Amino acid sequence: MDNDTARPRRQFLTVRDVTKTFQIGADSVEALRRVNLTMDKGEFVCLIGASGCGKSTLLRIIAGFEQPSSGQVSVYEHPVTGPGSDRGMVFQDYALFPWMTVRENISFGPRQKGLPKERIRAITDEYLNMVGLANFSDRFPQQLSGGMKQRVAIARVLANECEVLLMDEPFGALDALTREKLQQELLEIWTRTRVTVIFVTHSVEEAVVLSDRVVVMTAGPGRIEADIPIELARPREVSAIDFNQVRRDITLRLTSHVASRSVALAA
Amino acid sequence: MSQSSITTAPAASGIAAGAAMPGRVWPQERAQGILLAIAFPVALVVLWHLLVVMSGTRLVPTPYRVGVMMYDFAFGGVYDDAFSGTIVIHLLASMQRVYGGFALAIIIGIPLGLLIGKVRIIRQMLDPTLSLLRPIPVTAWLPLSMIFFGLGPRSAVFLVFLGAFYPILLNTIFGVRSVDLRLFEAASMLGCDGSRMFRQVVLPAATPSIFNGLRLAHGFAWILIVVGEMTGVPTGLGSVIMDGRTLSRTDLVITGMIVIGVAGFITDRIIVSINNRVLRWSPQHHG
Ligand SMILES: Nc1ncnc2c1ncn2[C@@H]1O[C@H](COP(=O)(O)OP(=O)(O)O)[C@@H](O)[C@H]1O
Ligand SMILES: [Mg+2]
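Chains as they are written, first to last, in the working numbering: chain A, 1 to 267; chain B, 1 to 287.
Simulated from the structure, these hints should not be mistaken for lab results.
Please read all numbers here as calculations on a predicted model, not as lab measurements.
Each hint should be verified, as a subset may be incorrect.
[Unchecked claim] Quick list of in silico lysine to any residue cross-link-like pairs, SDA-like style, CA-CA up to 20 angstroms: (1) A:Lys113 - B:Gly194; (2) A:Lys113 - B:Cys192; (3) A:Lys113 - B:Asp193; (4) A:Lys113 - B:Phe184; (5) A:Lys113 - B:Arg199; (6) A:Lys117 - B:Cys192; (7) A:Lys117 - B:Gln200; (8) A:Lys113 - B:Ser195; (9) A:Lys113 - B:Glu185; (10) A:Lys113 - B:Gln200; (11) A:Lys113 - B:Leu183; (12) A:Lys113 - B:Ser188; (13) A:Lys113 - B:Met197; (14) B:Lys118 - B:Ser195; (15) A:Lys113 - B:Phe198; (16) B:Lys118 - B:Met197.
Model the full assembly from the supplied sequences, consistent with the hints where possible.
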């Protein structure tokens, strides 16, 4: 607490000394070792690092799906003890409810709260429009493309009024064009809603396009290696000279400790 | 209906054009399918006729003689014996027992399957016993069931129940156990828990598997009704077949078989159409 008093304002989200050890039979894997991270409200942070460095584990602990072995995650100094509406996960494989239409998927959160029907309808319409799926509200997930499914997944957590959007390689399964399109849409949504985003990616370019800060993680055991602010003005242009400069810097930092630890970088 | 903020609508509809709706079949293709489906059994009947005529056997009737028997069984007026015009009596008797046993298996099998799938202590308590009893063929229960329920129709209902129970139970358990873990995570982060989780996630996710069990069970139910009715029950299609055998009336035996086949087929189509309606979200589960 003593170093917190020095801060001018309350931190929105804090990950403090989080360690996570998985027990697999007699073996144990240290997925995270003493990870610390603080985020302001409305910040957009990208987590980047080779496969197996604990990015998903960290995100799942923040979501409350996993408990840390030691350490703590808190939102506005309330410790996270399990999944909650304030934190919404967007999975790479969507995890939409296949038996529900697009509208029913998006209204799932509001329906759990028992809001009045008109209110649920209004919220659902708002987010259907925001992700551009108003004309597809009666489709089932199986009848949608990957990009559309991910839009539904984003709308579903936003409609639930989540304050932190946790995205685990959300666009990893999409083709390059759709991916770029969704990056732009996500930025628009972020600008409009001012939601806080933690976004896991393998792509340095994606991280630099999107985020305020890039957090670089390394494996064996998983920990945070660097925390790099991206000060490029928005909207960002991938072909700009300064953009390339930043991308090259981050790529270098990624590959240098990967090389120094002779860990294979995921393709 | 507000169009104010749809920045992405054009792109979205472009993608949608590529994602074709499944299940559209051209009329010609459909007609061809029906034609093929009819042509094969017609060819079988022709073959049957030719084989009977050429071999000169008197043990197997020609399709024509079976047709006459079916007409007599349905409307009477040809042979005017104990079986003339009795189709309704026998069919209704068998249907009552089949659907009775089937319904009983549903009423017990689905809730029990949900419980075993979801509640650990119930699973630990019941699963070993059920697994031990399962390999016993239902027909092996016949002598015991005749002791329990006598020679009457209740014994047949019991056999149908036993035969239908396991496929329903096991498929329900499987459906509950194989729900994607991510769906639980997604639901819980959206504020769903406890009994709502069961109703809103577990149950719908298990539905395809439950329907699978129902279809299998329904097939077994018709198999077992025949066995059940061969044990001295005076009515029912199984007893008709048994009587036909005793009287060496093969036309009657085959008539009984055909009626069972048609009744089973129609019920199966009904189950499939309910299945397709309930599972309209999942085309690959359509029958
Ligand atoms: N449920 C689990 N059980 C056992 N080991 C796990 C589990 N989840 C992750 N791990 C291990 O933890 C490490 C980090 O995994 P993960 O967080 O998925 O990495 P990333 O998302 O960065 O690729 C890996 O070595 C992985 O094998
Ligand atoms: Mg991962």
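To see whether the hints hold, each was checked on the structure:
| no. | hint | result |
| --- | --- | --- |
| 1 | A:Lys113 - B:Gly194 | 14 angstroms, holds |
| 2 | A:Lys113 - B:Cys192 | 9 angstroms, holds |
| 3 | A:Lys113 - B:Asp193 | 11 angstroms, holds |
| 4 | A:Lys113 - B:Phe184 | 17 angstroms, holds |
| 5 | A:Lys113 - B:Arg199 | 16 angstroms, holds |
| 6 | A:Lys117 - B:Cys192 | 18 angstroms, holds |
| 7 | A:Lys117 - B:Gln200 | 18 angstroms, holds |
| 8 | A:Lys113 - B:Ser195 | 15 angstroms, holds |
| 9 | A:Lys113 - B:Glu185 | 17 angstroms, holds |
| 10 | A:Lys113 - B:Gln200 | 14 angstroms, holds |
| 11 | A:Lys113 - B:Leu183 | 18 angstroms, holds |
| 12 | A:Lys113 - B:Ser188 | 12 angstroms, holds |
| 13 | A:Lys113 - B:Met197 | 13 angstroms, holds |
| 14 | B:Lys118 - B:Ser195 | 11 angstroms, holds |
| 15 | A:Lys113 - B:Phe198 | 17 angstroms, holds |
| 16 | B:Lys118 - B:Met197 | 11 angstroms, holds |
In terms of the numbered hints stated before, the structure departs from none.
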